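Given next are the chains, with one letter for each unit.
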Amino acid sequence: MYSIQNLEDERNKNKAANEEDYLKVTDLVTNFYTSRGIVKALDKINFSIRRGEIFGMVGESGCGKSVTALSIMDLVQDPPGRVVSGRVEIDGFNIFSDIKDLARIRVKSETEVKIKRNKRAIKKHNFMLSKIRGKKAGMIFQEPSLALNPVLRAGDQITENILLHNKKAIADSLINRANLSLDDVKLVVDEVLNNKGETKSILNNWCRKNALVDLETQINSIFKNYTDPKEIENEIVSLIKGGITLVDKSSLIEARDYYDYREKMESFEIKRFAATEENDRELIRSIEAEEVKLRTTSGARFRSYSLRRIFTGKKVEKAFKMEANRRAKELLSLVSLPDPERIMKSYPHELSGGMQQRLMIAIALASDPKLLIADEPTTALDVTTQAQILKLLRNLNQLVGASILFITHDLAVIAEMCNRVAVMYAGSIVEQGDVLDIFDSPKHPYTVGLLGAIPTPQVKTDAGINLHTIPGSVPNLITPPSGCRFHPRCSFAMEICSKSKPKLVELEAQRKVACFLYSSEVEE
Amino acid sequence: MELRFFIIRRLLLMIPTLIGLTIIVFVLMWSLPHTFLASAFINPKAPNRAQAILTAENQLGLNQGIVLAYLHYLANTLTGNWGYMTLTTPIKFDGTVLSGIGLFFPNTIQLVIFAAILSILIAIPLGTYIGARPNSIADHSGRIFSLSFYAIPVFVLAVVFQVVFGKGVIKGNPVGIFPISGTFSISAINVISPPSWLVSGVGGVVLSEPTHLIIFDSLIHGDYALAANAFMHIVLPVLVLTLSLLAGILRFLRASMVDAANSEYIKTARSKGVPENIVIKLHMRRNALIPTITVLGLLFASLLGGVVLIEDVFDYPGIGYLALSTILSGSIFGVLGTTFLFGIILITANLLVDITYAILDPRIRY
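Chain order of the listed sequences is A and B. For the first sequence, our numbering begins at 1 and goes up steadily by one. For the second sequence, our numbering begins at 1 and goes up steadily by one.
No lab work stands behind these hints, which were simulated from the structure alone. Any given hint could be a false lead.
[Claimed, not checked] With a Cα cut of at most 27 Å, we get these calculated DSSO-like pairs of lysine-lysine:
#, chain 1, residue 1, chain 2, residue 2
1, A, K119, B, K281
2, A, K131, B, K281
3, B, K281, A, K345
4, A, K499, A, K44
5, A, K321, B, K281
6, A, K314, B, K171
7, A, K116, B, K281
8, A, K315, B, K45
9, A, K264, A, K200
10, A, K124, B, K281
11, A, K24, A, K264
12, A, K168, B, K281
13, A, K321, A, K264
14, A, K124, A, K370
15, A, K123, B, K45
16, A, K124, A, K100
17, A, K315, A, K124
18, A, K314, A, K241
19, A, K318, B, K281
20, A, K249, A, K271
If you're wondering where the values come from, they're calculated on a predicted model, not measured in any experiment.
Chain A extracted, bound-state conformation (with noise of 0.2 Å):
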């Protein structure tokens, strides 16, 4: 049923792959504090991907996938949801490293909760976390309809991702165009037409030397389309200049300058939150010292000409604003959008849904981040076009090298997708590990559950008596059952399961499951 040299193939690369965590998620305790009662939605969740990994997230509906999902970005909706504990850590940094400042909650019983919000440090903590989301980490959702800004023109809902994060980037690229000579051009499209096959080595080099890397593709499709050396030049030169005709060299070291120092301004910040958790005074004092030095260096330049952008700036911004727009273009390929000119000029209404879910992974990944999380992206699609958006998000995974934490209910598209997988239960992780071991020999009885209702061929034949299904349903996680959460609907249960909460504890490598028919360790 599901292809088992595909699997074969992922697990030897994932092997071979670089070993170390992109995101770790360490006791992440998520609550909504509603009129009915505090639902528990997720209890201690431990997991972590590594770089560059697809890693499936699969249960049944209403377990916390998506709780956990939006958790990882602190999105959650409050009110009435709350991250209450934990530790989430992208690229080594903890974004919850301030949760206990941001509020206090008093609960006196399950329906009369006080939550007592710390309104400068949520400020502080949303301006930490808006440096971290979409650069650190891009998300998709469910449904593409709803999730894309419907008055936003396509175009600009990937700019502005764009332009939030890598100004600074944009220009020293810009920059270092600008000092390109034409020479330079002539030069290197000599050297291409006389030796044709090495097009594009030759190529790779001179822009790695240009820093002219992000141009590449395109430059090579010029040589593809053209063929004498005059237009050639010609569309290579409005290809490297466009957009900085605008403006002059000055102004864009200017404001590189200018971005360069707010960067390093925010990661000073950022760095403070990082130390204040782990309460190193030594290092914070020399961090602070450092700002303080930064500031009085350049801070007065920066300030006049933060005041001096409002009105002068407009010449660089639309220079920013045309290579943002190069790039969108390049990103709507990359997702394999027809008609990029057209699909940057169209609103979200205007897409089929297919293209609607492309455009939002474009938009997620528009600032090139390591770690992509994608809640059921394939849910609201029909099957020929779900198969489409899988195989882009397994491409893009390859040549972009960002990790995937991959949502579902649905147990083939893991098989199809993932190098590990966590199966979930009502709220907590049950079991977790490669995903051949996990549908070869499932260990956790609703692991085998799961894997038994799948519908196969043959139950039909057999006469409809024998698809499997799991007795019961999901709990109500306003009042779970104690202990293990599953054993109500467990028919290994025993007296143990309905009094202490087993421990995801590791059976073998890479392999970990929470059940006592494995292990009696306990969870406190």
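Fit chain B to the supplied structure of chain A, relying on the hints for placement.
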């Protein structure tokens, strides 16, 4: 590109609506006794009354059947022959309905435009602020404010404001500094030899030349003291209108902001790393303004009703004042003319709302 076609189509669609309006006004007219109509249509100053009535009957097409009569009515309306009003005839007023409207309408426009601009300028930032912070103290006070001013009828509000802020209504009231009636104080002009650009108008009301707006006319003629005096006179009516309009806009903007805040695309915007203030100002408000604009059209209609009452309370010579005095004096063509005018205003307002709607929401193209 598409938007331009939409606007052209919408403008063309206005024609059948206007025809519908003329039909309604015509049917109202046709249902009255025809001899009465003919006698009301003539110039009261005409020397030969019997002859004039005959001419009027022909002009209205009263004896040529309903279809031809309607066409006559249409022709009369389009050529500006809206009939006469039986009012005391002052200088500069030739007694036609159209010139009566010309004299009084600018004053109403002035009130409505001041109130609309003021309330939109206050409501949009305020609604954005409280809508983005649901259940905060600012939100609760904003809701209490808007609900109460939305519920109180404008004429009641007008009377209350007259009492509280009116000059000389309560003795020793420190905030009672605003005049409560008219467009200016007699004491502000030289009564013995009034400036030539001030003319006494219908029913003893004094009107000014050339714009008929006393504030602007006195500015044009360099009488700044009178301009200041006239400005003080419109403060209270504008304030009352502003508050009632503001309350309506605020209520709906706040509600649609809360709606927008719960949408998926706000999560998307945050997941991109958009700073919170831009999430609110660009992503939320842009979407929240769409339903608010729709409501603005309805609010504007109720504002027109309110302005008639307010002008009466403040003894303010505007279109409401004119409509009321034509009704009271039984001048049927004055009533029909103002009805027609109100219809045109409403249709125009709806057109503006639809166009704004289409600009804000790219999905709207009907």
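Going through the hints against the structure:
no.	hint	result
1	A:K119 with B:K281	holds, 19 Å
2	A:K131 with B:K281	holds, 19 Å
3	B:K281 with A:K345	holds, 22 Å
4	A:K499 with A:K44	holds, 18 Å
5	A:K321 with B:K281	holds, 20 Å
6	A:K314 with B:K171	violated, 58 Å
7	A:K116 with B:K281	holds, 26 Å
8	A:K315 with B:K45	violated, 68 Å
9	A:K264 with A:K200	violated, 36 Å
10	A:K124 with B:K281	holds, 19 Å
11	A:K24 with A:K264	holds, 25 Å
12	A:K168 with B:K281	holds, 25 Å
13	A:K321 with A:K264	holds, 22 Å
14	A:K124 with A:K370	holds, 24 Å
15	A:K123 with B:K45	violated, 75 Å
16	A:K124 with A:K100	holds, 13 Å
17	A:K315 with A:K124	violated, 31 Å
18	A:K314 with A:K241	holds, 18 Å
19	A:K318 with B:K281	holds, 21 Å
20	A:K249 with A:K271	violated, 32 Å
Checked against the numbered hints listed earlier, the structure breaks hints 6, 8, 9, 15, 17 and 20; every other hint is satisfied.
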